[in-house]
Each structure stands twice: as C-alpha cells, then as structure tokens.
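Q: The primary structure of each chain is shown beneath.
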Amino acid sequence: MTDLATYNFGYLDEQTKRMIRRAILKAIAIPGYQVPFASREMPMPYGWGTGGVQVTAAIIGPQDVLKVIDQGADDTTNAVSIRAFFQKVANVAVTTHTKDATIIQTRHRIPEHKLAEGQILVYQVPIPEPLRFLEPRETETRKMHALEEYGLMHVKLYEDIAHNGRISKTYAYPVKVAGRYVMDPSPTPKFDNPKMHRSEALQLFGAGREKRIYAVPPYTDVVSLDFEDYPFEIQTFDKPCALCGAENVYLDEVVLDDKGGRMFVCSDTDNCEDRREHGHAGEMLAPTKEAAE
Amino acid sequence: MTDTPLLKVSGVSKFYGSRIGCKDVSFELWPGEVLAIVGESGSGKTTLLNCLSTRLMPTTGSVEYRMRDGNFRDLYHMSEAERRFLMRTDWGFVHQNPADGLRMTVSAGANVGERLMAVGDRHYGKIRETASDWLTRVEIGTDRIDDQPRAFSGGMRQRLQIARNLVTGPRLVFMDEPTGGLDVSVQARLLDLVRGLVNDLGLSAIVVTHDLAVARLLSHRMMVMKDGHVIEHGLTDRVLDDPREPYTQLLVSSILQV
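Heads up: the protein sequence lines correspond to chains A and B, in order. According to our numbering, the first sequence is numbered sequentially starting from 4. According to our numbering, the second sequence is numbered sequentially starting from 19.
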C-alpha cells in the first residue's frame with residue numbers, strides 16, 4: 004500500500020508532465036510551430052485555461068513564484084481560482100507583482116512591466132490556428148504551415164482594409180515568428196504584439212481543448228503582418244489611466260452609470276497599483292485618507 | 019509558337035480499382051495552343067485533366083512541364099511545395115462550378131489579389147489596382163470590387179474565377195467545362211472573352227468540354243475520348259468537319275441544329 008504513489012507535486016502525474024515537457028521542448032526548438040500534445044482533462048471547464056494550467060503544472064517547481072492574470076487583472080475569477088489551484092496542489096509562492104514572478108500565467112494580456120530573462124510567460128490559448136477562420140480544414144492549414152503558404156492571412160487583412168479603410172483586427176493579430184511560422188498570439192490586444200518581439204522572457208502557449216502547445220523562445224523576432232502602405236499600428240488612447248495617470252499602457256473601459264459615464268483604467272492592475280503607491284494619480288482617483296483629512 | 023512543347027504527356031493511365039479512368043494517353047501541348055478534350059460524360063475527360071494538373075496521381079505515365087528556365091520537369095517527381103507553387107503562379111485552373119475555385123466569403127478584389135499576396139505582394143494599393151484592372155478586363159464593373167462573389171450572377175462568378183487565375187500571368191490554364199451551367203447568351207460572351215484573353219496573353223490551355231461548339235470556338239486541336247481512351251486526335255476543324263471514327267461521327271451528328 005505504501006509504495007503506491009499517493010500524490011504528485013503540481014497536480015499532473017510524472018508521465019503527463021514528461022509528455023508535456025517534451026512538447027514544450029519541441030515547441031521551443033521550432034518557434035511558432037504548433038506541437039500536438041495529449042491534453043488531459045483538468046478540474047475546470049475548457050475555455051478556462053486548461054492548456055495554460057497544464058503548461059504551468061508541467062514546468063512549475065517548488066522554488067517558483069507564480070502570478071496569474073486574467074485580462075491583465077490579478078483579482079478576477081479566473082486568475083484567483085487558478086492561483087488558488089496552484090497554491091493548493093503545488094504549495095508554491097504566489098505574487099501579484101510582475102517583477103517578482105518567475106512564471107506568469109496569462110489570459111489575453113502581457114504585463115506592462117517589461118519581462119526579464121528567466122521569467123516565463125504562459126498564455127492560455129482558445130484557438131491556436133491563425134488560419135482557422137480562413138481555411139476550416141485542419142489538414143489543409145497544416146499543409147499551408149508546412150509549405151509556408153501564408154497568402155491567405157493577407158487576404159484577411161486585405162478584406163479589413165477594403166471594408167473598413169484600415170486593418171481592423173485588434174486582438175489575436177497574426178504574427179510571423181523567427182521569419183517562418185505565422186502564429187496566433189492568443190487573443191491579446193494587438194497593443195501587446197510589440198512586447199513579444201525579442202522578448203527576454205520565454206513565452207509558452209497552451210491550448211487545452213485544441214491540444215496544441217507552441218512557444219516563442221527568448222530574443223526571437225516576432226513581426227506583426229501588415230501591408231507596406233498600411234503598416235501595423237497599435238491602439239492609442241486619448242486619455243491616460245483615470246486612476247494612476249499612466250500613458251502608453253493598455254486601458255479598459257469601465258461603464259460608471261446609465262447616463263453615459265465611463266472611465267478608462269489600466270488593464271494591468273498590478274502596474275496601476277504600483278504606480279499609485281509611488282504617488283502617481285489620475286483624475287478620478289479617490290483622495291487618500293491623509294489627503295482628505 | 020516555339021519549337022519546344024510546353025507539356026509532354028506520355029502514357030498516362032488512371033485506374034480506379036479495376037475500372038479505367040483514362041488509359042495510355044500521350045500528347046504534347048505547345049505554347050500558345052488550346053487543346054480541347056471532348057467526349058460524353060464518364061469518358062474520362064475530367065480524370066485526365068486532373069491527372070495532368072497534378073490534382074490526381076495517375077497510376078502510370080509521366081507528365082513533363084517546361085519550366086520558365088526552359089528545363090523539363092516531371093510533375094510527379096517534384097516536391098509538393100514546388101508543385102503547389104507552380105499551380106498558383108504558372109498555372110491556372112478554372113472549375114466548372116465557380117464556387118469551387120473562388121473564395122465565396124471574401125470580396126472580388128481579394129479573390130483576384132490572393133495569388134498576388136501568395137507570391138509575396140505586400141502593397142495594398144498596388145494589389146487593389148491590379149485587381150480592379152483585371153475586373154475590367156473580364157467585364158466586371160470596378161464598383162463591384164468589394165462585393166462578395168455570392169452577390170454575383172453565374173456568368174460574373176465564372177469571369178471572376180478566370181481573372182483570379184490569370185492575374186499571375188500563367189502560361190498554362192486548365193479549364194473544366196468553363197461554360198457548363200451558364201445560359202447560352204452568357205456562354206457566348208464568356209467564350210468570346212476567353213478567346214480574346216487566350217490570344218492576347220499567348221496562353222496555352224487545356225479545355226475539357228462536352229460541348230463541341232465550345233471546342234470549335236476555343237481550341238486549335240482536339241482529342242475525342244470514349245471509355246477512357248483517346249479515339250481521335252487532330253486539328254479541331256478537321257475532326258469536326260471530317261470525323262473519322264464512328265463514335266466521333268455520331269458525336270458530331272448529334273449536335274442539335276436550331
């Protein structure tokens with residue numbers, strides 16, 4: 004009885020971890036290539052980050068410090084439950100500070116704070132195939148990747164410009180990795196695309212339902228697709244963050260009332276809090292107690 | 019015409035199990051020449067066309083194509099990447115049903131521009147200019163450039179498909195019943211257009227049709243197929259005016275006269 008394995012660190016059994024690590028290694032060796040893997044059932048529904056959780060579980064060690072964000076926020080349901088999950092099954096240290104974390108699991112944002120060497124960013128990916136909505140046959144899209152036939156991706160961008168006068172794709176904006184594979188950067192806003200380019204951190208992408216893992220190794224070229232006369236542009240915002248006054252960050256719109264009142268605040272909550280602690284204030288920040296008194 | 023053929027076909031056979039698709043077909047196609055393959059349904063015309071255009075692997079035989087550098091290459095010994103590149107640059111394939119050859123959910127302009135983007139064109143303005151130029155050449159108003167082919171009539175779709183195939187300046191175009199499913203007046207316009215384009219661009223073409231009138235109008239030479247075999251082969255006017263084989267005589271005499 005006692006030789007039976009009762010519990011394994013980090014939720015997954017060793018065989019599964021080994022299988023996922025092999026997929027990760029292969030993915031790192033071929034940047035942007037989608038490696039199939041035998042995705043497991045996880046104790047959460049598909050679409051809640053089962054791919055990201057499996058990647059994180061396969062690479063996490065007792066010394067790691069984990070941060071989980073959902074649309075940039077550390078305090079939303081998805082982020083809180085995944086963080087709690089890893090506290091429970093791996094007993095690892097968790098943090099909300101980007102710079103303290105060694106592994107950051109993210110749903111659809113890249114933190115504003117520049118990532119450093121040694122950090123790993125794990126993306127939760129719903130649909131890994133950038134060509135999916137242009138060519139529904141998986142056999143065909145794999146062939147297109149293999150033969151580097153990416154004209155179709157530009158057909159999509161062409162259609163955008165023809166109908167809207169500009170490339171209207173704002174998230175999951177296709178990129179070319181290391182001059183070879185076209186990759187879906189998961190539904191991050193295109194604002195984050197430039198952060199992927201030659202990033203110092205390792206970027207891993209896990210798609211649980213679709214059973215694919217892909218990766219961008221550190222210092223790899225990640226170029227957003229565009230036309231010569233319609234170059235790639237990131238979103239810009241008219242106003243700074245209403246709470247911390249940050250500029251050149253990605254902002255979320257928050258509806259305040261039913262009379263059209265709204266505010267724009269940092270999507271990256273950690274960055275916003277950090278700035279406020281350092282005395283930055285936006286126009287709608289409530290005055291602190293000392294200041295009020 | 020030059021003195022070297024563009025396509026050399028020797029002994030191409032395709033069997034579907036024990037049934038014959040086409041058997042022992044050999045011919046040469048010269049630059050600027052239009053060859054019609056005629057015959058009744060089930061005679062192996064389309065099988066042969068698919069074998070020639072590498073859409074189908076023949077059971078035996080070889081098809082050699084003279085590349086732009088002047089060297090002959092056996093199509094079935096090329097890598098898939100090379101073959102697919104050839105298919106979308108130097109060749110065209112016009113399907114009977116335009117929906118098979120077009121992307122029905124993207125605009126006419128993008129349909130024409132797709133091949134350009136596939137070979138690395140990255141300038142939106144230039145792609146659009148070329149696309150609208152080609153739409154004009156196939157008599158589609160440039161105001162329809164942003165409409166999807168779904169909104170087009172059958173004749174327009176077929177013309178759009180032709181434009182989409184010719185935009186990269188191919189040297190060889192395969193056509194499978196290009197006028198099938200179109201009414202007679204639209205057929206006449208389309209044939210007129212195709213004939214003009216083939217002449218202007220000096221294209222070689224292989225046209226599969228069961229309609230002898232199409233063969234008469236478009237082709238220089240024709241092959242008559244029956245039960246997978248080529249039974250008669252010659253200049254179009256000769257075959258139609260002086261058919262030798264009994265089956266060809268039957269075929270020619272069964273054209274409806276109004």
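A portion of the hints provided could be inaccurate.
Distance ranges between label pairs, derived from CB positions [unchecked claim]:
1. A:K172 to B:M96: 48 to 58 Å
2. B:S97 to A:G182: 55 to 65 Å
3. B:R91 to A:V68: 39 to 49 Å
4. A:Y49 to B:S44: 24 to 34 Å
5. A:P290 to B:T123: 31 to 41 Å
6. A:E256 to B:R91: 31 to 41 Å
7. B:V137 to A:Y10: 41 to 51 Å
8. A:E141 to B:T123: 48 to 58 Å
Below are the DSBU-like pairs computed for lysine-lysine, each with C-alpha atoms no more than 35 Å apart in a straight line [said to hold, decoys possible]:
9. B:K41 to B:K244
10. A:K146 to A:K242
11. A:K172 to A:K159
12. A:K179 to A:K102
13. A:K29 to A:K117
14. A:K242 to A:K214
15. B:K144 to A:K159
16. A:K179 to A:K159
17. B:K26 to A:K146
18. A:K146 to A:K262
19. A:K179 to A:K262
20. A:K172 to B:K144
21. B:K144 to A:K179
22. A:K146 to A:K20
23. B:K41 to A:K146
24. A:K214 to B:K144
25. A:K91 to A:K172
26. A:K117 to A:K91
Keep in mind that the hints were calculated from the coordinates and are not lab data. Everything numeric in this text was worked out from a predicted model, so none of it was measured. Virtual Cβ for every residue (Gly too), placed ideally from N, Cα, C.
Q: Take the hints in turn and mark each one as holding or not.
A: Against the structure, the hints come out as follows:
Between K172 (chain A) and M96 (chain B) the C-beta distance comes to about 35 Å, which lies outside the given range of 48 to 58 Å. Taking 55 to 65 Å as the suggested C-beta distance range, the pair S97 (chain B) and G182 (chain A) does not conform, at roughly 21 Å. Evaluation of the 39 to 49 Å hint for R91 (chain B) and V68 (chain A) yields a failure: the beta carbon distance comes to about 58 Å. A C-beta distance of roughly 56 Å is found between Y49 (chain A) and S44 (chain B), which places it outside the suggested range of 24 to 34 Å.
Judged by the Cβ atoms, the range 31 to 41 Å given for P290 (chain A) and T123 (chain B) is violated: they are separated by roughly 54 Å. A hinted range of 31 to 41 Å for the beta carbons of E256 (chain A) and R91 (chain B) is inconsistent with their spacing of about 58 Å. Against the hinted window of 41 to 51 Å, the Cβ-Cβ separation of V137 (chain B) and Y10 (chain A) comes to about 57 Å, which falls outside the hint. Between E141 (chain A) and T123 (chain B) the C-beta distance comes to about 18 Å, which lies outside the given range of 48 to 58 Å.
The straight-line distance between the Cα atoms of K41 (chain B) and K244 (chain B) is roughly 10 Å, inside the 35 Å bound, and the hint therefore holds. Distance restraint check for K146 (chain A) and K242 (chain A): the Cα-Cα separation of roughly 45 Å exceeds the 35 Å cut-off, and the hinted pair is therefore not satisfied. Proximity of K172 (chain A) to K159 (chain A) is assessed by CA-CA distance (about 9 Å); at most 35 Å being required, the pair is judged to hold. Only pairs whose Cα atoms come within 35 Å are accepted, and K179 (chain A) paired with K102 (chain A) is accepted, the gap being roughly 27 Å.
A hinted pair counts as satisfied when its Cα atoms are at most 35 Å apart, and K29 (chain A) with K117 (chain A) qualifies at roughly 26 Å. With a CA separation close to 40 Å, the supplied pair K242 (chain A) and K214 (chain A) exceeds the 35 Å bound. As the CA atoms of K144 (chain B) and K159 (chain A) are separated by approximately 16 Å, the hinted pair is consistent with the 35 Å bound. A threshold of 35 Å between alpha carbons decides the hint, and for K179 (chain A) with K159 (chain A) the separation of about 15 Å falls inside it, so the pair holds.
Between the alpha carbons of K26 (chain B) and K146 (chain A) the distance comes to roughly 28 Å, so the proposed pair stays at or under 35 Å and holds. For the proposed pair K146 (chain A) and K262 (chain A), the alpha carbon gap of about 52 Å is over 35 Å, so the pair is violated. With a CA separation close to 43 Å, the supplied pair K179 (chain A) and K262 (chain A) exceeds the 35 Å bound. Of the supplied pair hints, the one linking K172 (chain A) and K144 (chain B) holds, its CA atoms being roughly 21 Å apart against a limit of 35 Å.
Restraint check for K144 (chain B) and K179 (chain A): satisfied, since their Cα atoms lie roughly 23 Å apart, inside the 35 Å limit. A threshold of 35 Å between alpha carbons decides the hint, and for K146 (chain A) with K20 (chain A) the separation of about 29 Å falls inside it, so the pair holds. For a cut-off of 35 Å, the pair hint linking K41 (chain B) to K146 (chain A) stands: about 31 Å separates their Cα positions. As the CA atoms of K214 (chain A) and K144 (chain B) are separated by approximately 40 Å, the hinted pair breaks the 35 Å bound.
Note on K91 (chain A) and K172 (chain A): the hinted pairing is violated, with a Cα-Cα distance of about 39 Å set against a maximum of 35 Å. Only pairs whose Cα atoms come within 35 Å are accepted, and K117 (chain A) paired with K91 (chain A) is accepted, the gap being roughly 29 Å.
Hints 1, 2, 3, 4, 5, 6, 7, 8, 10, 14, 18, 19, 24, 25, counting from the list given before, are not met by this structure.
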